[in-house]
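A.B. asks: On the provided structure of chain A, position chain B as indicated by the hints.
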Amino acid sequence: MGLWKTINIALIALKVNALRSFLTMLGIIIGIASVIVMVSVSSGSKQEIERAIDQLGSNMLSIRPGASVSGGRHSAAGSATPLTEKDITKLKHRFDFLEGVSGSLSTTAPVIYGNSNWTTSIRGVHTDYIDVRQWVIDEGRNFSERETRSGGKVALLGQDLIEKLFGGETPLGARIRIKNVPFTVIGTLQAKGESSFGRSQDDVIFIPISTARMRVSGRNDRSVPDMVGNIYLTVSLDSNIQIAQQELTEFMRELRKIAPGAQDDFSVRNFSEFIRARNETSSTLGLLLAATAAIALLVGGIGIMNIMLVSVTERTREIGLRLAVGARRNDILMQFLVEAVTLCLIGSFFGVAIGVSTGELIRQTSEIPVLLNVPIIFVAIASATFVGIFFGFYPAQKASQMNPIDALRYE
Amino acid sequence: MKNVLIECQSVCKDYAMGGEVIHALSNVSLTICKGEYVAIMGPSGSGKSTLMNLIGALDVPTRGDLVVDGLNLSIQAPDTLAEFRNHMVGFVFQQFNLLPRTSALENVKLPLFYSRKPGGDADDQAKACLQRVGLADRMHHDPTQLSGGQQQRVAIARALVNQPSVILADEPTGALDSKTSLELLDLFQELNQSGITIIVVTHDQEVADKSRRNLVFRDGRIVTDTVINADRAV
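Chains A and B are the protein sequences, given in the same order. Using my numbering, the first residue of the first sequence is number 1, and each one after it goes up by one. Using my numbering, the first residue of the second sequence is number 412, and each one after it goes up by one.
Hints listed in this document are in silico derivations from the structure and should not be mistaken for laboratory results. Virtual Cβ for every residue (Gly too), placed ideally from N, Cα, C. All the given hints hold, so there is nothing to weed out.
DEER-style ranges, computed between Cβ atoms:
id : chain 1 : residue 1 : chain 2 : residue 2 : range
1  : A       : PHE378    : B       : ALA488    : 33 to 41 Å
2  : A       : PHE378    : B       : HIS552    : 41 to 49 Å
3  : B       : GLY559    : A       : PHE378    : 50 to 58 Å
4  : A       : ILE295    : B       : CYS423    : 51 to 59 Å
5  : B       : ASP476    : A       : TYR410    : 25 to 33 Å
6  : B       : ALA427    : A       : PHE378    : 49 to 57 Å
7  : A       : TYR410    : B       : CYS423    : 21 to 29 Å
8  : B       : GLY430    : A       : PHE22     : 40 to 48 Å
Chain A with its partners taken away, still in its complex shape (with noise of 0.2 Å):
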């Protein structure tokens, strides 16, 4: 006897009794519904976590001066030894999964084109800072490396200043002025969009870091004439991360002539991981919600069982029938757990659409990040399928041990 007539035997029985076998999908069209509102929600933070860490470079990490501690005082960070360009100079030297080491001396001030000004932040950077932290080149190009050592004149824009100041216009070429310096624009930046804190990452501008250093920072500080504030370097993907920046704190420690078991004046980090912290408690959520949902499921799979039981009482005559004709006791357990998988297919099938236009809806009315992909369709359909066998089989076993006199004589 065939599957598919066996699934219609299913249809026409449910098509029977169609209001109960609607209430009883509910429960099952509740349950895949919210399992794929649920994983979607929570997969879609999980992608957003992931674009920011990608934003960041997976395999970059960053070097700051921390708090300077003088007689058991701990002064504001930033306040201890600056970073230097010989530290970073020994750095090249002493390390070969180094893949790209840069400088980054920041600091605020109006930028003037024409008889238009703008406020931002001004970044002083090596050659390799575009690439360390996965900025891309619009148009024109990046500092060469005698600009960045000699003090070149020269800028690269981000998309929000070009939009204030040049109202979308192309700005190379053109000559800025910070501080009263004038600068020549070199290149223009791809926008990044905002940063995982929210503020815009595009309303910025880089100049050689030798030039901020001598013309714009104010920082001039004369006991430490080649300060680079902080340092940003990637390893090659090949290396490990934790293992380097083990090995880069303890390298640091060494130039920076600090005492066994003193603590460190300078921090080490590893950004991806200071983002996933960071969001620990949002994945956890989400698979609370995912708890929730497969509660759900269950409580659904408990309605199925007990209308299946129901039907096998109601239907004991016709499975003594047809055990007389010649069904086997394996055709009964199957017709009967085919009915329940039936049911659960239907339900699921049902539960996929309100599941997918609900989190179609969230996406569109709300700040949450919903990521809706096949998988979890296919995964939801799946357990429903999962839940008609699990809860269907006490029933159908039920069905088709009856003893086909009793079943035929029952009232």
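C.D. replies: Positioned in the frame of chain A, the structure of chain B alone reads:
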């Protein structure tokens, strides 16, 4: 020697009921040949229905051998018995036992659904059987749209659809009026003349009179076994 279809040798059937053992059949020995038309009579609880259920493989004997068409039903696996019920016997019940909300045609096709032997087109076979019982024009009707006699004819068509060797009818006229009963008995006679063995369990002397052999049961034993209507032998 005639062709033996059913052979009972000291068949016993005990039931446990409320801690008490009831001997529904005790030491029944009986031979039924192909093409016979047997009526089994006796009071309620005399064991006649039990024998019918054993012959139809709905149940197995407690002791003794029951061989039908060379197959010893006492020692078969459940799936073999199911197959046996499917193509060796056709049941006709007092209450018809048709599937509700299912057309006459679909009801007749039911045994074919469980049939594992390759056959022709199920629709054609079922239609031919409905034709044989005179219901060709009612095949798309639901049981509720058919009279009692018509429903029983559908049930007979269902019993015939796998070309069984024997039809087992348990009080087939019990729920019918006398006119319809007579029509049904004519149909049985017709089927018997075409070579099908028929065994009828009945309370009704008129039904028994139409057969060619009467068995009377009492307390789980055969008390009389008489051949009647010998002149009508095939």
